[in-house]
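Take these sequences, add in the hints, and give me the full structure.
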Amino acid sequence: MVLNKKDDQLASILESIKTFFNGTGVKFIQLDPNKPAFKNGEIMLQLTKLVHHSSSHPRFHIFYSRGGRGKFWARTFHREFKVHGFTAQMKRELNQHPIPKVDLRCQFPQEGENEAGELNEKIAVILSSALLRGMTKGNLLALLPYVSIENIRLIFPGIGNLFPGSESSLSTPMKDTGSPVYEEQPDQMVSPSTQAAFLPEWGADVYFDYQVVVPDSDTDPYLIFGSMVMKNTGRSDLIDPIICLQVNPTEGAQLKGQIVPPKMADTLAVQGFNGDSATGWRYLEDDWMKKVKERGEYWICPIQPLRIAPGEMESFSNFQLSVPKPEKGRTITIQGILFFKDGNFQVPTSNRITISF
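Numbering-wise, the sequence shown is residues 1 to 357 according to our numbering.
It should be emphasised that the hints constitute simulated quantities derived from the structure, not laboratory data.
Treat the hints with caution; some may be incorrect.
Claimed, not checked - Label pairs and their calculated CB-CB ranges: (1) R66 to E121: 28 to 36 Å; (2) K18 to E251: 27 to 35 Å; (3) E294 to I29: 21 to 29 Å; (4) K71 to F357: 39 to 47 Å; (5) R307 to L31: 42 to 50 Å.
Since we're looking at a predicted model, the values are computed, not measured.
All residues carry an ideal CB built from backbone N, CA and C; glycine is no exception.
Rendered as structure tokens:
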């Protein structure tokens, strides 16, 4: 990444981007603009600051190097700015570079310190989201297990305050999402095709069905036996759900069940009735235990492709949580969220598992 000159505002944006990608394995190298171009890497991003005293809104001009990847990156950044309500224009091409280069020229209005700080945060989120989308070629789920829940909320605002650390949207009744309401008319029948037209394209009901087994002695753990039920309430198929279960506090519970590591999925998976097809669930990444220890998050996906048709149900069944009895006055909470359609559709569970001591 290149800053065209030393500037506190651009440096603040760069530090926020680096923080966003901490733990993902993505490496940032800050280059000297006066030295030859770097020859290795996914993208070279240059930030240039321009101050426009007569403008009241920030504007962005995206210059990009020749070649398909340069234009791909320019379109990716342009898309993110547009989604977040900013004006951005793709400009003429730059000269050929060993790796794709994007020169983002930021035209800022003259603002106070507080306004500039808020703008810096918004731009950092936009650039981080664009880099994440570009490096995964649109498959945002590939890096989700490495990104903190706080940053996931920034990329997917629809999730809301789902996870611990702030007031959870699950603790209050779900608000009306604007779905049509139809009064029942006497002696009037609605055909299935008409009913389907009322449904959203993407929709799902997700909830925990579980029971808690209380131990006979103080030394034995509490046991939670449960399933996460998924029902497709939309018009389109839901494909390959990815589950995130978060335990709070992180050491509060241990997940067990027929879940296997990725490398062992073919050999240790639950066998289907025909004896030759692996069914069931596996951990999303090989270093899944690291995510559990650091953030209390279990990331799980189906072993075989899974498609949930409209009106149909599937479940992540028969999982077990072992909960050692903590100190009196503490609460153990397990919350869940599903990701579908390459990360563009997310659904939290409508309930959560809670044990108070």
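What hints, given by number in increasing order, does this structure fail? 4
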